[in-house]
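**Q** So the chains spell out like this:
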Amino acid sequence: MKHKIKVVQEEYEKVYDEFADAIFRYCYLKVSDREKAKDIMQDTFIKVWVYFENKNNKEITNIRAFLYKTASNLIIDEYRRKTTTSLNDMTDKGYDVVSNDHKTVHDNAEINMAMNIVNQLDDKHKEVFIMRYVEDISPKEIAKIIGRTENATSVRINTAVKRLRSLINEQK
Amino acid sequence: MDKLKQKDIERALKSVSLTDAEKARIKENVINAKPTKLRNSFMDRLIYVRSILINTKNYKPMPIALALAIFLSGGAAFAAEGSLPGDLLYPVKVGVNERVGEVLAFSTEAKAEFEAKLAEKRIDEVERLTQKGKIKAEVSEELKAKFEARAEKARERLAELEASGQLGASAESNLKFQNKLEARLEALANLADEDEDESDKEELKEWSIKVKNENNKHGLLQLKLEAGLKSGDQEGFENRAKGRLNAAENKINEVTAFIEDRADRTDEEIYAESVAQLEVATELLSEGKVSLEAGAYGEALISLNKAFYTAMEAKNLVKKGKVRGEDNRPDEVDEADEEDADDNEDEENDEESESEANAKAKAKVKISI
Numbered sequence: 001m002k003h004k005i006k007v008v009q010e011e012y013e014k015v016y017d018e019f020a021d022a023i024f025r026y027c028y029l030k031v032s033d034r035e036k037a038k039d040i041m042q043d044t045f046i047k048v049w050v051y052f053e054n055k056n057n058k059e060i061t062n063i064r065a066f067l068y069k070t071a072s073n074l075i076i077d078e079y080r081r082k083t084t085t086s087l088n089d090m091t092d093k094g095y096d097v098v099s100n101d102h103k104t105v106h107d108n109a110e111i112n113m114a115m116n117i118v119n120q121l122d123d124k125h126k127e128v129f130i131m132r133y134v135e136d137i138s139p140k141e142i143a144k145i146i147g148r149t150e151n152a153t154s155v156r157i158n159t160a161v162k163r164l165r166s167l168i169n170e171q172k
Numbered sequence: 001m002d003k004l005k006q007k008d009i010e011r012a013l014k015s016v017s018l019t020d021a022e023k024a025r026i027k028e029n030v031i032n033a034k035p036t037k038l039r040n041s042f043m044d045r046l047i048y049v050r051s052i053l054i055n056t057k058n059y060k061p062m063p064i065a066l067a068l069a070i071f072l073s074g075g076a077a078f079a080a081e082g083s084l085p086g087d088l089l090y091p092v093k094v095g096v097n098e099r100v101g102e103v104l105a106f107s108t109e110a111k112a113e114f115e116a117k118l119a120e121k122r123i124d125e126v127e128r129l130t131q132k133g134k135i136k137a138e139v140s141e142e143l144k145a146k147f148e149a150r151a152e153k154a155r156e157r158l159a160e161l162e163a164s165g166q167l168g169a170s171a172e173s174n175l176k177f178q179n180k181l182e183a184r185l186e187a188l189a190n191l192a193d194e195d196e197d198e199s200d201k202e203e204l205k206e207w208s209i210k211v212k213n214e215n216n217k218h219g220l221l222q223l224k225l226e227a228g229l230k231s232g233d234q235e236g237f238e239n240r241a242k243g244r245l246n247a248a249e250n251k252i253n254e255v256t257a258f259i260e261d262r263a264d265r266t267d268e269e270i271y272a273e274s275v276a277q278l279e280v281a282t283e284l285l286s287e288g289k290v291s292l293e294a295g296a297y298g299e300a301l302i303s304l305n306k307a308f309y310t311a312m313e314a315k316n317l318v319k320k321g322k323v324r325g326e327d328n329r330p331d332e333v334d335e336a337d338e339e340d341a342d343d344n345e346d347e348e349n350d351e352e353s354e355s356e357a358n359a360k361a362k363a364k365v366k367i368s369i
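Residue numbers (my numbering), protein chains in the order written: chain A, 1 to 172; chain B, 1 to 369.
There could be a bad hint or two in this list.
Covered stretches of chain A (chain B as the covering partner; in silico rule of three or more C-beta atoms under 8 Å from a C-beta of chain B) [stated by the list, open to error]:
hint, region
1, 65–76
2, 108–114
3, 140–147
4, 160–167
Label-pair ranges, simulated between beta-carbon atoms [to be verified]:
hint, chain 1, residue 1, chain 2, residue 2, range
5, B, Glu141, A, Tyr79, 35 to 41 Å
6, B, Glu202, A, Arg148, 35 to 41 Å
7, B, Glu160, A, Tyr79, 32 to 38 Å
8, A, Thr159, B, Glu194, 47 to 53 Å
9, A, Ser138, B, Glu138, 26 to 32 Å
10, B, Glu206, A, Tyr79, 39 to 45 Å
11, A, Arg165, B, Glu202, 57 to 63 Å
12, B, Ser199, A, Thr159, 42 to 48 Å
13, B, Leu185, A, Glu11, 43 to 49 Å
14, A, Thr159, B, Glu160, 58 to 64 Å
15, B, Ser199, A, Arg163, 48 to 54 Å
16, B, Glu269, A, Arg81, 54 to 60 Å
Don't read these hints as lab results, they were simulated from the structure.
Backbone N, C-alpha and C define an ideal beta-carbon position, used for all residues, glycine too.
Hey, can you work out the whole structure from these sequences and the hints?
**A** Here it is in structure tokens:
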């Protein structure tokens with residue numbers, strides 16, 4: 001989907017409304033910490049806005065990819081800052097999925113299980129799996145976001161699915 | 001619990017979302033972090049700067065002074081400073097560092113100098129890219145456009161300064177910028193000489209033309225400002241003129257020592273030329289003193305500024321002549337020179353001098369919150 005918008009506050013609020021959950025989810029699935037995910041997602045929206053404030057031409061095609069890419073970079077920054085703690089240390093304490101008005105306890109447990117499995121994938125494969133199957137981003141766009149060729153991306157996605165399937169089979 | 005299938009996993013993960021409250025709160029944070037053209041107050045600017053910094057260092061709110069200190073001291077921001085178009089961090093240099101610098105320039109004078117600095121950076125980037133053999137037509141064109149845009153903005157700011165009666169500040173900043181441009185023209189010419197590639201030479205030639213063009217516009221502006229300095233009410237320029245007297249005297253002394261020191265290592269012709277330049281500078285200094293005595297502070301300012309830069313040129317002549325065993329890059333006006341001038345400005349309670357002193361103080365961005 002292409003989004004051509006002029007970055008004006010009203011328009012940007014609409015962008016936020018549309019993508020806030022997706023970007024948050026993307027961040028959360030990658031960093032497994034709710035507060036961190038919220039911070040990163042907030043900074044993503046701020047940064048993208050600031051970036052467009054500087055451009056003379058305030059139109060942008062495909063703001064979605066841009067948001068994901070920015071979030072991706074911020075997460076990489078976050079990874080770099082962490083020298084000792086592994087982000088996957090979260091597996092013990094479970095995930096801080098907050099109950100929303102629409103969620104049930106059952107769902108939370110299921111989310112926990114799902115995350116447990118997915119987090120066993122290495123970062124690169126986890127990332128493309130999430131983007132393709134959770135965020136429903138096309139392989140072409142994913143390629144742009146992660147900065148690889150379409151072919152390489154498709155291969156990576158397929159590998160990710162294969163590995164996930166074997167993890168699924170290993171479930172007790 | 002049953003084993004999950006892939007579809008289950010996807011569904012479960014898709015259901016992760018923010019609560020409505022969280023979503024709304026973050027939205028507010030985003031909106032409030034966004035700067036609007038109306039935000040001109042000191043605190044708003046710093047809050048804006050902090051919002052840029054928050055994501056790079058710490059996810060908890062940080063005291064603004066600390067955030068700035070971290071920002072100014074290093075990390076990715078600093079690494080970005082030396083980057084060139086095409087480098088990974090170049091967008092950080094332009095989109096973040098320069099943006100922050102722009103926000104932190106409070107007074108019109110500081111803004112003018114900031115625009116000038118950015119204009120110069122673009123030339124610098126072209127020079128360095130050319131030296132590395134990495135200059136591409138599109139990149140060069142883009143940089144040219146940016147350079148021109150910044151130079152124009154600088155002139156706008158200088159005009160604002162002029163309009164608000166700060167002729168002294170405007171003339172000084174303008175002259176400083178001209179000096180920088182002239183130094184760049186030298187550098188471009190040198191590069192063109194050394195570079196063997198024809199298309200590079202062409203490119204550099206075009207840049208020289210562009211830079212000359214802009215410099216001419218500044219030259220015209222300077223004439224206008226000087227006319228104003230001569231004819232306007234002289235009282236207001238007293239402090240600035242006295243400050244420049246100090247600066248010019250110091251500069252001449254410094255350059256005299258410099259040249260004498262290297263007399264035997266310098267080519268005779270060049271030595272003679274630079275000495276002649278120094279004499280011109282000294283004459284201008286005397287003229288300035290005379291005007292000062294006579295209370296014609298605006299005129300004094302013109303002569304003293306010229307004396308300063310003429311002395312600097314004398315020094316650069318010697319440097320250009322490639323004194324053996326030394327750093328021969330041309331001098332440009334730097335912070336040290338500015339210090340001399342400033343020390344004498346903060347004294348009187350003159351209207352113009354007070355606002356100028358405040359402007360200079362703010363421009364130094366000593367954040368002590």
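**Q** Would you mind marking each hint as holding or not holding in the structure?
**A** Results of checking the hints against the structure:
Coverage of the region 65–76 of chain A by chain B is violated. Counting CB-CB distances below 8 Å, 1 residues qualify, and the rule asks for three or more. With a cut-off of 8 Å between beta carbons, the region 108–114 of chain A has 5 residues touching chain B; three or more are needed, and the interface restraint holds. With 0 residues having a Cβ less than 8 Å from any Cβ of chain B, the region 140–147 of chain A misses the three-residue criterion, and the hint is violated. Coverage of the region 160–167 of chain A by chain B holds in this model, with 3 residues showing a Cβ closer than 8 Å to a Cβ of that chain against a need of three.
Hint check: Glu141(B) to Tyr79(A), Cβ distance near 37 Å, so the stated range 35 to 41 Å holds. Here the CB-CB span from Glu202(B) to Arg148(A) is close to 37 Å, well matched to the stated 35 to 41 Å. With their beta carbons about 46 Å apart, Glu160(B) and Tyr79(A) fall outside the hinted range of 32 to 38 Å. Look at Thr159(A) against Glu194(B): about 51 Å separates their beta carbons, and that is inside 47 to 53 Å.
For Ser138(A) and Glu138(B), the Cβ-Cβ distance of about 29 Å falls inside the hinted range of 26 to 32 Å, so the restraint holds. Between Glu206(B) and Tyr79(A) the CB atoms are about 44 Å apart, so this pair conforms to the stated range of 39 to 45 Å. Separated by about 59 Å at the C-beta atoms, Arg165(A) and Glu202(B) satisfy the suggested range of 57 to 63 Å. For Ser199(B) paired with Thr159(A), a C-beta distance near 45 Å keeps the hint of 42 to 48 Å intact.
Distance hint for Leu185(B) and Glu11(A): a CB-CB separation of about 44 Å, consistent with the stated range 43 to 49 Å. Checked against the hint of 58 to 64 Å, the C-beta distance between Thr159(A) and Glu160(B) comes to roughly 60 Å, which is consistent with it. Distance hint check: the CB atoms of Ser199(B) and Arg163(A) are about 50 Å apart, consistent with the given range 48 to 54 Å. Checked against the hint of 54 to 60 Å, the C-beta distance between Glu269(B) and Arg81(A) comes to roughly 58 Å, which is consistent with it.
Violation of the numbered hints given earlier is confined to hints 1, 3 and 7; the remaining hints are satisfied by the structure.
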